[in-house]
Each structure stands twice: as C-alpha cells, then as structure tokens.
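Chemist: What follows is each chain in one-letter form.
Number of protein chains: 2
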Amino acid sequence: VLAAPDGRVVLTTDVMVEGPDFRRAWSLPAELGWKAAATNLADVAAMGARATGLLVALTAPGSTQVALLEGIADGLAAACAALAPGCGVVGGDLTRSPTLTIAVTAIGSLDGRAPVLRSGARPGDVLAYAGRLGLAAAGLRLLFDAGEADVAAVQRLRAERADLLAEQLAPSPPIDAGPVAADAGATAMLDVSDGLLLDATRIARASGVVLDLHRAALDADVAAVRAASGLDLQAALAAVLGGGEDHGLLACFPADVPLPVGFRRLGDVRSGEPAVLLDGDPLAAAGWDSFAAEH
Amino acid sequence: VLAAPDGRVVLTTDVMVEGPDFRRAWSLPAELGWKAAATNLADVAAMGARATGLLVALTAPGSTQVALLEGIADGLAAACAALAPGCGVVGGDLTRSPTLTIAVTAIGSLDGRAPVLRSGARPGDVLAYAGRLGLAAAGLRLLFDAGEADVAAVQRLRAERADLLAEQLAPSPPIDAGPVAADAGATAMLDVSDGLLLDATRIARASGVVLDLHRAALDADVAAVRAASGLDLQAALAAVLGGGEDHGLLACFPADVPLPVGFRRLGDVRSGEPAVLLDGDPLAAAGWDSFAAEH
Numbered sequence: 005v006l007a008a009p010d011g012r013v014v015l016t017t018d019v020m021v022e023g024p025d026f027r028r029a030w031s032l033p034a035e036l037g038w039k040a041a042a043t044n045l046a047d048v049a050a051m052g053a054r055a056t057g058l059l060v061a062l063t064a065p066g067s068t069q070v071a072l073l074e075g076i077a078d079g080l081a082a083a084c085a086a087l088a089p090g091c092g093v094v095g096g097d098l099t100r101s102p103t104l105t106i107a108v109t110a111i112g113s114l115d116g117r118a119p120v121l122r123s124g125a126r127p128g129d130v131l132a133y134a135g136r137l138g139l140a141a142a143g144l145r146l147l148f149d150a151g152e153a154d155v156a157a158v159q160r161l162r163a164e165r166a167d168l169l170a171e172q173l174a175p176s177p178p179i180d181a182g183p184v185a186a187d188a189g190a191t192a193m194l195d196v197s198d199g200l201l202l203d204a205t206r207i208a209r210a211s212g213v214v215l216d217l218h219r220a221a222l223d224a225d226v227a228a229v230r231a232a233s234g235l236d237l238q239a240a241l242a243a244v245l246g247g248g249e250d251h252g253l254l255a256c257f258p259a260d261v262p263l264p265v266g267f268r269r270l271g272d273v274r275s276g277e278p279a280v281l282l283d284g285d286p287l288a289a290a291g292w293d294s295f296a297a298e299h
Numbered sequence: 005v006l007a008a009p010d011g012r013v014v015l016t017t018d019v020m021v022e023g024p025d026f027r028r029a030w031s032l033p034a035e036l037g038w039k040a041a042a043t044n045l046a047d048v049a050a051m052g053a054r055a056t057g058l059l060v061a062l063t064a065p066g067s068t069q070v071a072l073l074e075g076i077a078d079g080l081a082a083a084c085a086a087l088a089p090g091c092g093v094v095g096g097d098l099t100r101s102p103t104l105t106i107a108v109t110a111i112g113s114l115d116g117r118a119p120v121l122r123s124g125a126r127p128g129d130v131l132a133y134a135g136r137l138g139l140a141a142a143g144l145r146l147l148f149d150a151g152e153a154d155v156a157a158v159q160r161l162r163a164e165r166a167d168l169l170a171e172q173l174a175p176s177p178p179i180d181a182g183p184v185a186a187d188a189g190a191t192a193m194l195d196v197s198d199g200l201l202l203d204a205t206r207i208a209r210a211s212g213v214v215l216d217l218h219r220a221a222l223d224a225d226v227a228a229v230r231a232a233s234g235l236d237l238q239a240a241l242a243a244v245l246g247g248g249e250d251h252g253l254l255a256c257f258p259a260d261v262p263l264p265v266g267f268r269r270l271g272d273v274r275s276g277e278p279a280v281l282l283d284g285d286p287l288a289a290a291g292w293d294s295f296a297a298e299h
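Heads up: the sequence lines are chains H and U, in that order.
Just so we're aligned: 202 in our numbering is position 198 of the first sequence, and the numbers increase by one with no gaps anywhere.
Just so we're aligned: 62 in our numbering is position 58 of the second sequence, and the numbers increase by one with no gaps anywhere.
Derived from the structure by calculation, the hints contain no laboratory data.
Hints may be right or wrong, so weigh each one.
Residues from chain U shown here face chain H by an in silico Cβ test under 7 Å; the list is partial [as the list claims (entries may be wrong)]:
(1) Ala8
(2) Gly11
(3) Arg12
(4) Val13
(5) Val14
(6) Thr17
(7) Asp18
(8) Val19
(9) Val21
(10) Leu59
(11) Thr63
(12) Thr99
(13) Ser101
(14) Pro102
(15) Thr109
(16) Pro119
Listed below are several chain H residues computed to face chain U (Cβ distance under 10 Å; list not exhaustive) [as the list claims (entries may be wrong)]:
(17) Leu15
(18) Met20
(19) Pro24
(20) Asp25
(21) Met51
(22) Val60
(23) Ala61
(24) Gly95
(25) Thr109
Computed from a predicted structure; not experimentally measured.
Glycine is no exception: its CB is placed at the ideal position from the N, C-alpha and C atoms.
The following block holds chain H by itself, in its conformation from the complex (with noise of 0.2 Å):
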C-alpha cells in the first residue's frame, strides 16, 4: 500500500534481460540492480514526477548464488538513495527462470502537477536537453570491443575507462530535473532510452512538429565522448545522435521561459511534417530497438 498524495499515480515498467540488455561479464551485481532502477526512475521523470517506490520482479536460474540477487538489491536500494531519496523497493517477486531477468515497475508522484507527456511540443519551442549523450553508447562499443570471454581485458577496461563504463554499467541521469521542467513549462518530455535521434522522432510524431536539432549545440558531446572513449569523430557522433541509453531528459520548452537548471538548449520546434533535422537536413531515425538488434 503506497500513498498517493494527489490522488494519481504515475506508472511505468521496464525489464533488463540478460544477453540482449546485460551482460554479467561487464557489469557487476550492484550495477545491474542501480541501473535497472535509474532507468525507471527517468521513466517516471520524463513525466515530471517524482517516484515513490519500486516493485522489483527477479527471474533467475536455480543456480543462481544469493550473492548475486543481494548485489542487485544494494544496487537498486543505492541507486534509489542516490537519485530519488524518499523512494525504495516496495514489493516485488522471485521466481525461477532459465533466464535472468530484472522487471522494475517504478511509482511516482505528480504532486499536483499536469503530467508532461510526448504530445504537447509546438512551433516556436525550444528543444533542451539535461543529461549526458553518447557516453553510454561509446562506453558499451568498448565493452563489446574487448569481448566477454577475455576476463581480462574486461578488467582492464574498467580500470582505464571507470568513468565512461559507469554511464553504461550504473548511469546517473538528472532524474531532479523532471519535476524541475514539469514545473517551468515543459510542453513534451521523455528519457533518451534509445538514442537521441529515435527518441526525438517520438516527440515529433506525437506532437506533429519538426525538431531541428544544432550540430554546434552537440559539439561538447562529440568531445565528450572523443575524450572519454578514443573513439573518431565519426564514430563519436553516431553515438550522440544514435546511441541511447543516457537516460537524460529531452523536453520542449516555450520560448519565453528561462530553461530550467540542468537544461541546455538542443535545437528548435517547427512546424511541418514530423520529423527530425540536423542544422535543417533530413536524419533517418535509428535507436534501439531490442527486436532488429543483431547482438
């Protein structure tokens, strides 16, 4: 039984499974528990809510040492104490699967607040941005570059490179940053889950306007990434515009509000058929998409 203060709540849901989302060669126990929750709590974020608790659903093989399944409730009880203080496990359920797998389903709060949903972006907006973009998709490019088999070489890499495997392995998205822009107006909001471009074209397809994003906005992302990964400019910029799993928040804003602490500006909303432009040129839309990946 969980309050509901304003007598709504907000919903959400998201399972990790290993092999298409985790690997156990990358990620240690705790890190699997903090992401599974930072990821739902952008989810409840992006409405402009603040979350209130989680139920957490394990499967996992009867081989499976407790160790395991009590590193995964530090890292969800971390993660929560870290990102969204006031919230933490609730519930939940254990059941025996061939697979692992780790189902959150995260509750929030509006307090009060209009739920900012997809839908509400207009011409004339502004399109921002709170959160980091690109490193958790350069940060999982090295991971598969150095394989699961070379224990090693993992080793290595997460010593070398710990900053840049944390916003892959246990990310700390802005989740304060979505009652914040609730609160200054945000018209439309979401979590980049699957790659800025994917996640921009939702907004554009569910609000009906062109987003025309700003090469030169993007610029300290690319260096960003360049710097933390090694990897080329090309190789860089793909992993901004396509990478995904930042869970940081892309919002649109009316043009005469101030962007709220932690935004930055991305681009403008125009209108026209939706779609999403680069300095005005076309992109296609790529993102994840669990069913078309080939690992």
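Got chain H sorted already, so can you dock chain U onto it with the hints?
Modeler: For chain U alone, kept in the frame of chain H given last:
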C-alpha cells in the same frame, strides 16, 4: 497516470515463466494472458482492494509469432472484463529474451477501506474460504500425465476434461469476494496460490495463531476433485491441501460476524505456537516453491 481515489494504491507483481509456470504445449495464448491477469487480480482482491489497472512486461524470443502476443493480450483483456470490470492493461514493456515471461503488476484501490493483511487473525476467529480447492492442482497433474510431446493426448485431455483444465489454465477466482470480505471485517486474508497448507501457515505465522482446519469442511472439495479428475482419495486430498493455484481467498473473520456471501467455514483460529492443524493434528506445510520444485 492512474487515478488513486482515496490517496493510496495497492500494488502487487507476479511473473509467469515458460517452463516453471506454463507450457505452450498445454496453454493457448489467451489462457496465458487470462491466468497472468487472474492471479494478479486475486492478489489485489486479497488485500480487500478493487483492481484499477495492470502493467504487463512481456519478454519473448525474437522468433515469437505476433499471434502469440495478440493471444496473450486478448486473454488479459478478457480476464479483466470478466473478473474485474473497469480494470484493464494501462501500460507495459515488450523486450527480447531467450525465455517467454509475462510479468504483471496490478494496481488497486482500497476505496477508503483499511488493507487486510496476513497478520490480523485473532484466536476465536473463524477461518473461511471463497473459491475452489484442489481442482487446479488436479488439472495440472493430468497435464503432466499426458506430457508435452503427445499433442493428440493433450488435445483429447482438453476435450474430455475441459472444465477441470480451465481451473488450471484459465482460473476464475472470486475477485469480488475480496472487497466484500474487507467490508465484512476480515482480520486476515490472502489468496491461495501456493497451496492451502502453505498459505494458511503464512497467516498462522504472521498472526501468531493456530489455524485448525476441519476435515469434514473439505469433503465437498475432495469429492469434486475426484469426480472431475478420477484421482483417488489420497491424491485428491493432497491436491486440496497442498495443490495451489486455485487463487481463492482464505480469510479470517470475527466469530460474531456472519460470513459474507461466497465464503464457507473451513476451521477455527486458536491461540498457541503458530501452526496449521487438521482436526487438531499437526500438518507439515507443503506447497509450491519454484526454486525447490522438481519440474
């Protein structure tokens, strides 16, 4: 965003995993969806709440036919319409996994009632039950006897024992009885998902009481199991006492309260070291534990 009329929500989650929890050789897709909804609706009812929405997180192999997913969706909708009008699927997730799983989170409203916990039973209370006992387990036993490989045998069984198999594959627990029991003053309640003895033991331990089942009160259940399944007396009694998956509501009521419609007396609540007895004799708690199961 879901309404929470009295400023609280009841939450529960339960996962069904292919293999441990269901076989596609036995269940139609719509039955999988029906059962996933019904079991979670029973968990909400057991708190004394009215279900208001389901979140459904499906994981499925990339080779999964869309018709399977559509069938699951149809079954979810049909179970909500039949068992909890006004409730429906309000969101979810779909992702790729080697293992087909259906993780449902159910949300409910207490509509101002106090939640009914497991811990409120008091000596002198009446132990009562709404729903069937043993039929789901008897149906499962016939399915195991038929096996998975012999498609004709399964089809014959489905034709000849349709009503019994429905108790296992697409159960219709008395969801309405949950809020009714709460209004009548139930002191403790849960749904019998893991077997009468195991679930009764949970109430006994949480409440610090002895639950004494009356063997005569189970006569009709044993007879119904024998008639529907052809099992002998001993196997039928084992199904009634330990079988599980009936998802009826086991509740305790003060002795001076008339049992609400749908409930029948199964026994008494007494003081003493927490235990479950049958006509005064101790019974070991046997029931379903997915990690201990042989299947």
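Chemist: With reference to the structure, classify each hint as holding or not holding.
Modeler: Hints, one by one, checked against the model:
1. Ala8: Hint holds; U/Ala8 Cβ to chain H Cβ min 3 Å, cut 7 Å.
2. Gly11: holds (5 Å)
3. Arg12: Holds - the Cβ of U/Arg12 comes within 7 Å of chain H, reaching about 5 Å at its closest.
4. Val13: Since the shortest Cβ distance to chain H is 5 Å, the answer is holds.
5. Val14: holds (6 Å)
6. Thr17: Where the cut-off is 7 Å and the nearest Cβ of chain H is about 5 Å from U/Thr17, the hint holds.
7. Asp18: holds (5 Å)
8. Val19: holds (5 Å)
9. Val21: Holds, about 4 Å.
10. Leu59: U/Leu59 check passes; min Cβ-Cβ to chain H is 5 Å, inside 7 Å.
11. Thr63: Holds: closest Cβ of chain H sits about 6 Å from U/Thr63, inside 7 Å.
12. Thr99: Status holds, d = 5 Å.
13. Ser101: holds (4 Å)
14. Pro102: Given a least distance of 5 Å, the restraint on U/Pro102 holds.
15. Thr109: Cβ of U/Thr109 sits 4 Å from chain H, so the hint holds.
16. Pro119: Holds, because the Cβ-Cβ distance from U/Pro119 to chain H comes to roughly 5 Å (cut-off 7 Å).
17. Leu15: holds (6 Å)
18. Met20: holds (8 Å)
19. Pro24: holds (5 Å)
20. Asp25: Holds - the Cβ of H/Asp25 comes within 10 Å of chain U, reaching about 7 Å at its closest.
21. Met51: This interface hint holds because 7 Å falls under the 10 Å limit.
22. Val60: holds (8 Å)
23. Ala61: Result: holds, 5 Å to nearest chain U Cβ.
24. Gly95: holds (6 Å)
25. Thr109: holds (4 Å)
Violation of the numbered hints given earlier is absent; every hint is satisfied by the structure.
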